[in-house]
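So the sequences go chain by chain: A and B. The first sequence begins at 0 in numbering that gives the first Met the number 0 and counts up one residue at a time. The second sequence begins at 0 in numbering that gives the first Met the number 0 and counts up one residue at a time.
Don't read these hints as lab results, they were simulated from the structure. Please note that a few of the clues may not be correct.
To be verified - If we take Cβ atoms under 7 angstroms as the criterion, some of the chain A residues that face chain B in the derived model are:
no. : residue
1   : Q210
2   : G355
3   : T358
Unchecked claim - Cross-link-like lysine-lysine pairs, in silico, DSSO-like; alpha carbons within 30 angstroms at most:
no. : chain 1 : residue 1 : chain 2 : residue 2
4   : A       : K176      : A       : K332
5   : A       : K86       : B       : K111
6   : B       : K18       : A       : K314
7   : B       : K18       : B       : K63
8   : A       : K216      : A       : K194
9   : A       : K314      : A       : K332
10  : B       : K63       : A       : K332
11  : A       : K90       : A       : K79
12  : A       : K79       : A       : K314
13  : A       : K332      : B       : K86
14  : A       : K314      : B       : K86
15  : A       : K90       : A       : K314
As the list claims (entries may be wrong) - Restraint-style ranges between C-beta atoms, simulated for each label pair:
no. : chain 1 : residue 1 : chain 2 : residue 2 : range
16  : A       : G302      : B       : D36       : 20 to 26 angstroms
17  : B       : L117      : A       : Q338      : 34 to 40 angstroms
18  : B       : R72       : A       : D97       : 43 to 49 angstroms
19  : B       : E3        : A       : S348      : 30 to 36 angstroms
20  : B       : R102      : A       : E304      : 23 to 29 angstroms
21  : A       : R206      : B       : K18       : 42 to 48 angstroms
22  : A       : A74       : B       : R105      : 33 to 39 angstroms
23  : B       : I55       : A       : R296      : 48 to 54 angstroms
24  : A       : R296      : B       : P56       : 23 to 29 angstroms
25  : A       : A322      : B       : V77       : 25 to 31 angstroms
26  : A       : E212      : B       : R7        : 44 to 50 angstroms
Yeah, the Cβ is synthetic: ideal placement off N, Cα and C, and Gly gets one too.
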Amino acid sequence: MPDDWRERWRSWLNPGSYAHPNSPAGGSGSGFSRTPGSTGYSWSPLPDPNSPAGRFIHWQTEIWALEQRERDELAHHVEKLETSLAKQSDKLRESIPDGYLRTLYDLQVGGTKGTYGSAKSLIGTGVDAAFLLQKLTSPVGWLDPDLQRKVQQGFSFGFDIGKAYAVLEFGTLQEKKQLLQHLRTVVEGVYEDAKNSVQRQLAEAKRTGKQDELIAKWIMRILLEAGTVMLGASGLKGARSAAEGLELASDGSRVAQAGKGAIKSISEESEASKLTQFAEARELKPPTRITFGHGARHLAGTGLERGQVENAIAKEVQATAKASSSTGNFWGKVVVEGQEVYYRAFTLSDGTINIGTYTVGAP
Amino acid sequence: MISETRFRRPSDAEKSLLKRLLEADFPARNELAPMLDDLLVRTIDDDGGLELRSQIPGTAAVVKRIPVEAEARDEDQVVIHALLHTKDGRPSELEVFKEDGSRVERMPPASKFELIVLPPAPSSRGKLDPR
Numbered sequence: 000m001p002d003d004w005r006e007r008w009r010s011w012l013n014p015g016s017y018a019h020p021n022s023p024a025g026g027s028g029s030g031f032s033r034t035p036g037s038t039g040y041s042w043s044p045l046p047d048p049n050s051p052a053g054r055f056i057h058w059q060t061e062i063w064a065l066e067q068r069e070r071d072e073l074a075h076h077v078e079k080l081e082t083s084l085a086k087q088s089d090k091l092r093e094s095i096p097d098g099y100l101r102t103l104y105d106l107q108v109g110g111t112k113g114t115y116g117s118a119k120s121l122i123g124t125g126v127d128a129a130f131l132l133q134k135l136t137s138p139v140g141w142l143d144p145d146l147q148r149k150v151q152q153g154f155s156f157g158f159d160i161g162k163a164y165a166v167l168e169f170g171t172l173q174e175k176k177q178l179l180q181h182l183r184t185v186v187e188g189v190y191e192d193a194k195n196s197v198q199r200q201l202a203e204a205k206r207t208g209k210q211d212e213l214i215a216k217w218i219m220r221i222l223l224e225a226g227t228v229m230l231g232a233s234g235l236k237g238a239r240s241a242a243e244g245l246e247l248a249s250d251g252s253r254v255a256q257a258g259k260g261a262i263k264s265i266s267e268e269s270e271a272s273k274l275t276q277f278a279e280a281r282e283l284k285p286p287t288r289i290t291f292g293h294g295a296r297h298l299a300g301t302g303l304e305r306g307q308v309e310n311a312i313a314k315e316v317q318a319t320a321k322a323s324s325s326t327g328n329f330w331g332k333v334v335v336e337g338q339e340v341y342y343r344a345f346t347l348s349d350g351t352i353n354i355g356t357y358t359v360g361a362p
Numbered sequence: 000m001i002s003e004t005r006f007r008r009p010s011d012a013e014k015s016l017l018k019r020l021l022e023a024d025f026p027a028r029n030e031l032a033p034m035l036d037d038l039l040v041r042t043i044d045d046d047g048g049l050e051l052r053s054q055i056p057g058t059a060a061v062v063k064r065i066p067v068e069a070e071a072r073d074e075d076q077v078v079i080h081a082l083l084h085t086k087d088g089r090p091s092e093l094e095v096f097k098e099d100g101s102r103v104e105r106m107p108p109a110s111k112f113e114l115i116v117l118p119p120a121p122s123s124r125g126k127l128d129p130r
């Protein structure tokens, strides 16, 4: 940004470091060319380099310290964005009517939560803002792709992706803060819309007796996403045999086509086995079904939310199940926001793992 | 869900189960016994789980949140667990659940419950029981 107060101290020899404008490495280079008076830069937290106070400052150290403070403040805003996203995601999850679907959702959100986390590293690193938005709203896309598409096309987004990129890369602290706030507001709205959309789709499916079909469609979308994210293009090759007549290639658009075809196939034939076949063909073992008892009431007064705790438990139990030939009854512990949550798991004859109860702190 | 809003005196079956739990030997049992003898309860779920409100003041020096528990089989042979929870040294909940998450069909008599006093939870994941 042209009015960045740091520009005044930036070294012409090494733009990544700072120097007094009158020094050989500072200002415009050897010699001093700035005219006296205001430079027009925005408010600066450091004294004027020509002022008496300015002569006794170690510029490099001071500016680094101020930048660190800015980064910390920004990190706080990113954290707020992440917390808000997690809450919205939990609410969307609660609107999902099927336990198996919720488990898939948990798995996938667990995978994309790293993306939320990576928002921290976005600040100043110039990661593609469009990619970030795509990731933040991908859970919405599983349940309502039209809504996600609308968001990505910017109809309801209210700001230009290119501008967002520039702000994240070069913006001032204030501009970055505003962008994050705006992003938060927009994503919250999108998740709210998605929740309403789930209710609408469900009501319509109930009316037409196509509830199972709708759930199968959602499951397929999530599995497709899992394939794209977890396996990459090579892992999708096996889908050829399951999704008849589909041509898979390494690019995302073909993958999307493959998914569409497979969904159609399932929808037409109404065979649940197709879904399993499809998943197995893509080397994706369907996740273990996980159910929860009434442990959530033990969260009262802990500040923890049911969604985040059960997501964490489900994720760990899935990992346990995946790594074990049989699970039986077992207990485990997860740490959520620094608090230990102990759970008891019971494996049922159909492979479902029921989390009978859980407590915060050792039982 | 059957959930009561008001506290009441426990039924005979509920009293029997609480008394049965006290037959086990566990730390602070003697302090908890009078608290469980005079208490009000409130049903909080379909399984017969209870929120407990002792009428006796004081706290028991329990070393675990769940000092004692018990299990018995339901009519469908699925194991029912009954856990006595404490909070700040006072009885707070009698949690009842079945291993498969289904509703309790018929609560077995208290005498059918096998008592369990578990050691403190280890610090990492492990087997729950060798059954």
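Status of the hints after comparison with the structure:
A hinted interface residue such as Q210 (chain A) counts as satisfied when its beta carbon comes closer than 7 angstroms to some beta carbon of chain B; here the least separation is about 22 angstroms, so the hint is violated. Against a cut-off of 7 angstroms between C-beta atoms, the interface hint on G355 (chain A) holds, since the closest Cβ of chain B lies about 5 angstroms away. Because the beta carbon of T358 (chain A) sits about 6 angstroms from the nearest beta carbon in chain B, less than 7 angstroms, this interface hint is met. Between K176 (chain A) and K332 (chain A), the direct Cα distance comes to roughly 36 angstroms. Violation of the 30 angstroms bound is thereby established for this hinted pair.
For the suggested pair K86 (chain A) and K111 (chain B), the alpha carbons sit about 44 angstroms apart, so the restraint of at most 30 angstroms is broken. For a cut-off of 30 angstroms, the pair hint linking K18 (chain B) to K314 (chain A) is broken: about 38 angstroms separates their Cα positions. Taking the CA atoms of K18 (chain B) and K63 (chain B), the gap is near 19 angstroms; set against the 30 angstroms cutoff, the hint holds. Only pairs whose Cα atoms come within 30 angstroms are accepted, and K216 (chain A) paired with K194 (chain A) is accepted, the gap being roughly 17 angstroms.
Using a Cα cut-off of 30 angstroms, the hinted pair K314 (chain A) and K332 (chain A) holds, with the two alpha carbons roughly 12 angstroms apart. With a C-alpha separation of about 16 angstroms, the suggested pairing of K63 (chain B) with K332 (chain A) holds against the 30 angstroms cut-off. A distance of roughly 17 angstroms separates the Cα atoms of K90 (chain A) and K79 (chain A); the hinted pair therefore holds under the 30 angstroms criterion. Our distance criterion of 30 angstroms between C-alpha atoms is met by K79 (chain A) and K314 (chain A), whose separation comes to about 23 angstroms.
For the hint pairing K332 (chain A) with K86 (chain B), the CA-to-CA distance comes to about 20 angstroms; that is within 30 angstroms, so the pair holds. Simply put, K314 (chain A) and K86 (chain B) have alpha-carbon atoms about 28 angstroms apart, close enough for the 30 angstroms limit, and the pair holds. Proposed proximity of K90 (chain A) and K314 (chain A) is supported: the alpha carbons are some 18 angstroms apart, at most 30 angstroms. Taking 20 to 26 angstroms as the suggested C-beta distance range, the pair G302 (chain A) and D36 (chain B) does not conform, at roughly 34 angstroms.
Distance hint check for L117 (chain B) and Q338 (chain A): the Cβ-Cβ separation is about 21 angstroms, which falls outside the suggested range of 34 to 40 angstroms. Between R72 (chain B) and D97 (chain A) the C-beta distance comes to about 30 angstroms, which lies outside the given range of 43 to 49 angstroms. Between E3 (chain B) and S348 (chain A), the C-beta spacing of about 34 angstroms keeps the proposed range 30 to 36 angstroms intact. Between R102 (chain B) and E304 (chain A), the C-beta spacing of about 26 angstroms keeps the proposed range 23 to 29 angstroms intact.
At roughly 53 angstroms, the beta-carbon separation of R206 (chain A) and K18 (chain B) lies outside the given 42 to 48 angstroms, and the hint is violated. Hint check: A74 (chain A) to R105 (chain B), Cβ distance near 56 angstroms, so the stated range 33 to 39 angstroms is violated. About 24 angstroms separates the C-beta atoms of I55 (chain B) and R296 (chain A), a value inconsistent with the hinted range of 48 to 54 angstroms. Between R296 (chain A) and P56 (chain B) the CB atoms are about 25 angstroms apart, so this pair conforms to the stated range of 23 to 29 angstroms.
A beta carbon spacing of about 27 angstroms between A322 (chain A) and V77 (chain B) agrees with the range 25 to 31 angstroms that was offered as a hint. A hinted range of 44 to 50 angstroms for the beta carbons of E212 (chain A) and R7 (chain B) is consistent with their spacing of about 47 angstroms.
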